[in-house]
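*Asks:* Protein chains in written order, with the working numbering: chain W, 1 to 279; chain Z, 1 to 399; chain X, 1 to 725.
Read the hints as simulated data drawn from the structure, not as lab findings.
Predicted model, so just to flag it, every value in this text is computed and none were measured.
Glycine residues also receive a C-beta, built at the ideal position from the N, C-alpha and C atoms.
Keep in mind that a hint or two might mislead.
To be clear about the criterion: a stretch of chain W counts as covered by chain Z if any three or more of its residues have a C-beta under 8 angstroms from a C-beta of chain Z, and this derived list gives those stretches [to be verified]:
hint: 1; segment: 67-81
hint: 2; segment: 95-101
hint: 3; segment: 104-112
hint: 4; segment: 117-131
hint: 5; segment: 203-217
hint: 6; segment: 225-232
hint: 7; segment: 236-245
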Amino acid sequence: MSEIGVNPNQKGFLIDAGRCIDCRACLVACSVQNEVSNTTTRIWIKETGVVGEFPNLERYSAPYHCMHCDDPSCVSACTVGALQKDENGIVTYDADRCIGCRYCMYACPFQVPNYEWDQMLPLIVKCDMCVDRLAEGESEPACAATCPTDAIMFGPKVDMLAMAHQRIEDNPDKYVDHVYGEEENGGTATFYVSPVPFEELGFPTTESTLSPAYSNRLITHGTPAVAGAVAIGLSGVYLTIKHHEEAMAELRNDALAVETDQPEAEEPAAETQESDNDQ
Amino acid sequence: MINKIIKEVKSFSIGYYILAAIAIFGLSVAAYRLYAGLGVTTNLSKAFPWGVWISFDLSTVAFSGGAFTLAALVYVFHLHELHPAVRPTVLAGLIGYSSVLVILFMDLGRWDRAYHFLIYPNINSALFEVSWCIALYSTILLYELSPVLLENTRWKGVIPIIKKWTIPLVIAGVTLSTLHQSSLGTLFVVMSPRVNPLWYSMLLPIFFLITSLAAGLAMVISGAIISYWVFGRTLPENIIAELAWFIPWTLGVYLVLKLGELLITDELHLLFNSGIYSVLFLAELVVGAVIPMILLSFKRVRHSRVGVLTASLLVLAGVVLNRFDVSWFAIKPVNGQIYTPSWMEVAILVGVLATAVLAYSLVAHYFPVFEETAEVIEEKKARKRRMGRILHPRAAAGD
Amino acid sequence: MLDTKISRREFLKVAGVSAGALAIGHMLPVEVAQAAKEAGLLDASGTGYIPTTCEMCVWRCGVRAKVKDGRVVKLEGNPLHPHSLGHLCARGQAGLMNTYDPDRVLTPLIRVGKRGEGLFRQASWDEALDLVAAKMLEIKDKYGPEAMVFSSTHNLSQVQFENLLNAFGSPNYGTQRSLCFNAMIVANQMTYGMEEPARSYADLEYLILTGRNLMEAISTSETSILSHAIDRGLKVVYVDPRFTKTAAKSTDWCAIRPGTDLAFHLALLNVIVSEERYDRAFVEKYTVGFEQLAEEIRPYTPEWAAPITDINADVIRRIAREFSDAAPHALAHNGWRTSNFENSFQTERAIASLNALVGNWGVHLLPAAGEGAGPLGVPPQPPYPRASAMRLDGVPWKYPLVPFKLGVFQELRDAIITGKPYEAHGWFIARQNPVQSLPDRGRTLEAMSKMDFIAVVDIFLNDTTWFADVVLPEASYLERYDPLLVVGDKVFIRQPVIQPQGDAKSALWIYKELGKRLGLEDYFQYVDEEDYIRQQLAPLGVTLQEIREEGYVQLPVEKRSEIEYEWNTPSGKVELFSSTLDNAGFAALPTWEEPPRPPAGKFYLLTGKVGRHTQFATQNNQLLHKYQDEPRLWMNPVSAKAMGLADNDLVKVTSDVGEVNIKLLVTQAIRPDCVYLTPGYGHLSKGLTTAYGVGASDSVLHVTFTDQISGGQALSQTFVAVQAA
Ligand SMILES: Nc1nc2c(c(=O)[nH]1)N[C@H]1C(S)=C(S)[C@@H](COP(=O)(O)OP(=O)(O)OC[C@H]3O[C@@H](n4cnc5c(=O)[nH]c(N)nc54)[C@H](O)[C@@H]3O)O[C@H]1N2
Ligand SMILES: Nc1nc2c(c(=O)[nH]1)N[C@H]1C(S)=C(S)[C@@H](COP(=O)(O)OP(=O)(O)OC[C@H]3O[C@@H](n4cnc5c(=O)[nH]c(N)nc54)[C@H](O)[C@@H]3O)O[C@H]1N2
Ligand code: SF4
Ligand code: SF4
Ligand code: SF4
Ligand code: SF4
Ligand code: SF4
Ligand SMILES: [Mo]
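Okay, chain W solo, but in the shape it has when bound:
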């Protein structure tokens, strides 16, 4: 797990649901930047809808895309390693590798990875923090750059987190005292502040502050050991019993040599087996 501040290159988002006006410029910008087909998207708007009783109404919204988790479940899950966390903390997607198993879609606690359902040979559609765009020297991803209200801010992850807390501190009456993304799924690179509780915006609430990727790793990393143990154990059992049986058989052969034509000879053998079963 990467620690905030360890890598100064780590970039992050601060998204302010208090600012977002649901204009969806970010959505369009993302589609153009990343050539996302018209039937899918990498980014959504989460919203409260119009709530309250006329005329005392409220309405909030915020864009929603990959959180770029510190310990991403999707990366753990991906069968073929098409999803990776790069050195800048960006969770990237290698379209040439993906086999379309859609495990990542289930693994992501934020339900971020999207899919080209209408394609014959579909790919996953997921925000990659505009990694190519950043590599070309643009200072911000497409969504952040265009946002007319600067509801999407982008910069060093540490700064974004500090700013998130600063905003809450400066406006305690306006914002809910929670930076979404700071602890969710074990920490992410996308921080949100909001005037309404995040559940009302339709954000998933994660009960644990630890990424399931962690539990998953505990198990999958144990696997070679388990496999080894099972194989060795089985071989051991096999050899032990075989040895035992051969010894028994020898005994019997010896016995046979002496007691040829003895009738009820089968019985003891059957009994032996019975007792084997009881082991």
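Knowing the structure of chain W, use the given hints to seat chains Z and X with the ligands on it.
*Replies:* Chains Z and X with the ligands alone, transformed into the frame defined by chain W:
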């Protein structure tokens, strides 16, 4: 030759034709699915990217657990008496796994890259592990079965060489099975936020492994009894009883772990206050575990064909329900969206199942799958006659 | 959003029409790319950024267009441009999809079927232009130049469009203005002697927005600045019968009864005057008519206004006090599309007076130069012929105070139908969609059916183009030059970033070529687009190359050290009492005019922009379509319940002039006596494959009502009945 085939085909009963029709229809839909993509053909969605196919795969793999359970018992634990069940079970396993592979292929968006899982490893991925294990294990099953398939052919000569490697491969196979049966449970560990807490557990891999043991045994038993009715050939009654004897133990361990875990995580209350989930969960445990456990702890039941079959079928039903629960029914909906399979998803599944049954019947018809069973029965009778001779256990294995 | 609101079926339908749309490519352009390379904008591989100007709406943000291999792949907001401030709105971002829309018209078309049948054949420019010129000359010969009607909506090549019609000699010119902002412009002129003062949000503390839905009817910079101002604590009072996205960001939302904004503002004036909360010094020094105003508004107490507006008297009084307390850091926004009721002009007068009373001039209201070429050069040309005929739109003979420039488009349309005072026979339309933007679509179609000949310059087969006889395809804004644009102290360029696709041509080229064929070449003294711009730049001593590289040139800044408190009114002051209005026989002071109310069982029909679309022009843009919610008729749950209607029910909406069927959206976000329909849907043209069949057109329902003073169309004055369809 052709005439011979035609004649042969004509001799098939109507059942074969029906199966073949279903299979052809299902496989045509499958072809359409590959062409048209998942969106048009399935009801899968962002909220439910996996559907009935995955539930089917999980259930089938669990059922096919019979093959590794039996192989372990026979070859590793030297319970040679059970040997007659090996061939039909391995065949069932192989066909089961093949169906799983076909359905997985259907499920892969990029089926054109199915081989990628072989060349791009992610050691953290349970699915990577599962894919590898299933692929390897299917190969081993094929290997185990190859003597049967080769017996009456001109390659019969290689059979002894094949058999020489049986033991290490069986051990490898059992190891792989242990791994992937449990890894299938691990699959859902990283999905924890989506899985209903009644089912979610860090112990899922162990739960899956144990239930696959129970399912495997139940499968061998019910397979044997059903084939007695269908083919008139079966395992000796005492062997069935012996197999059945393992089941209550397995289920007992399972129940203790499962309830114990809920107790420790302080989630026992969920058992009764989770609405439909409580019903599903209790159904799974009571019908699939508690009742068969009680039934099979009676010797009388273990020795009654109907009794054993009933209990085994309950176990199987419980395991199927469990796999469907974990992978489908107990997945938390997103935005109130739920999933029900499309007719095409079901058609493909039914088609593959029909193909599987057809394949099983045909192989059983043309290859000496049960022969050995009959042989053994004969032999046993003969043995009884040739009193005084000590049956070397390995003789029964046909070595 | 995509995965929740669009049902699977719709999702697939969208998929069907749009698959692979972004991938439509075209040949590596030679000239544009070559020139851009020479200008150092593109590297050797043809990749780079070219500065230009957005044309997805009239705000015209600065754009950096990313070009790769002759394709424009991304548009960025130009940080140096005061209208974009580095951002683009959703429409600006989607701009390249307009250019690459598979439904673009890329060759001239000549109608072959019946008008409105949609059957055209492709033609060469020569053939098409010859035909248009021949028809126009024929009409001129037979009926005089006034029988040719011209119409066009605000755009950068409009100067040359106007040049064409003026040279041709027709007085009949229709623009969008009377459908949009006549009330505001005329009221500002009467009060301040200028079209629209500039607004400053710096240090602004209190803002009243009257139906100015800035968070949805977006002007990138103003939306952005307002948003930041709210962030730092600006208090916003938002007055609108709908709970819009602007309402959601405001401190107060006043769910006012439509058409009663005037009462609300009169009551604010009343409190401010009666409690002596105005800026006495400013009023005395710079305004005329305060005494009369004070007298006039005496009866308009908050208690008087409350039952009219449905806004609590205490709330009105509080707002008036807060507003005046914050003054001069307070602003009553004059709005933009102020064509709501026949009394909207008086509302605008009240708003203008309100600002003057609190003395925010020079602080938050600043004198702004009207639009014009500024210090730019113009190609030489002979004087225009005198238009001898009177204007069909009634300016000034029926509407004495409506400036010529604004006109009364809906009246022009109706005069075509009645044939009075004379008959029109031809219609030349550029960059405009009157079939949808004018109220009462039925009448607009009737007017078109009276025409011997219709030519349209557009980039799509929009609803108007659908009824054209000849379609002249313009190059899109990313494919052409337009005349330069002065914004503040800078001059910006729109230049091609890719080669025009197909046979599309710039308007500058089209008008010149047509002018030639009409024998008017003396009015089009430029060789080509670049030459035109060179002539514009000449007085500045700047080369085309320079402005192409930078995207703009800086004008010499004339230091305006002190705000000049001089207004271009007859009195030279802010006219609370307008002598001009008085002389014309209209109310010289903002005064109450009771707007009509819907009869029992009927609703006010509201219209208003959505963030993803511009008017009637972008519904076919696949990227915008992708992210726009399905248009439905908004209705308050109380009303829906009373009528036994539920969300998503199909309803029939009937007005005095038309009816449409549309799905219902039951929402708290609207007054129970109103319904709202997103404009711009319900297209007639099947040439718009993405938009066709979506939603319904509110223009079908709108009844034509014209304000006698400003000539503005009253778009909220239509009442409709709603029933299950
Ligand atoms: N996204 C987007 N932005 C645009 C445009 C666009 O098409 N799309 N168009 C541009 C143009 S040309 C213009 S003119 C501006 C227009 O921008 P605005 O001036 O904001 O005009 P509208 O959005 O047409 O209407 C604003 C509001 O007026 C409300 N309304 C209706 N009747 C009344 C009434 O009687 N009283 C009050 N108080 N409110 C009323 C409606 O509910 C609506 O919410 O937007 C510009 N910006
Ligand atoms: N019901 C209703 N009516 C309204 C309004 C409303 O909100 N509701 N709003 C009113 C307002 S504020 C306004 S400003 C008017 C606007 O009314 P219009 O100006 O008539 O409407 P637009 O949709 O802006 O028309 C622009 C046309 O230009 C075309 N076009 C786009 N790009 C280009 C280009 O590069 N070159 C050329 N030649 N053509 C191009 C488009 O295809 C479209 O046909 O409508 C008014 N009418
Ligand atoms: S939000 Fe989801 S997709 Fe993104 S990094 Fe985290 S787990 Fe992966
Ligand atoms: S769908 Fe692709 S990216 Fe997602 S887990 Fe499977 S292979 Fe990895
Ligand atoms: S960072 Fe880039 S990829 Fe991610 S949502 Fe924003 S625009 Fe899309
Ligand atoms: S661009 Fe900004 S304001 Fe608009 S929807 Fe996106 S985050 Fe919200
Ligand atoms: S406001 Fe939007 S559509 Fe209008 S010019 Fe600016 S970016 Fe373009
Ligand atoms: Mo407008």
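*Asks:* The structure should be examined with respect to each hint, and the outcome stated for every one.
*Replies:* Evaluated hints:
no. : hint    : in the structure
1   : 67-81   : holds (count 8)
2   : 95-101  : holds (count 5)
3   : 104-112 : holds (count 5)
4   : 117-131 : holds (count 7)
5   : 203-217 : holds (count 9)
6   : 225-232 : holds (count 4)
7   : 236-245 : holds (count 5)
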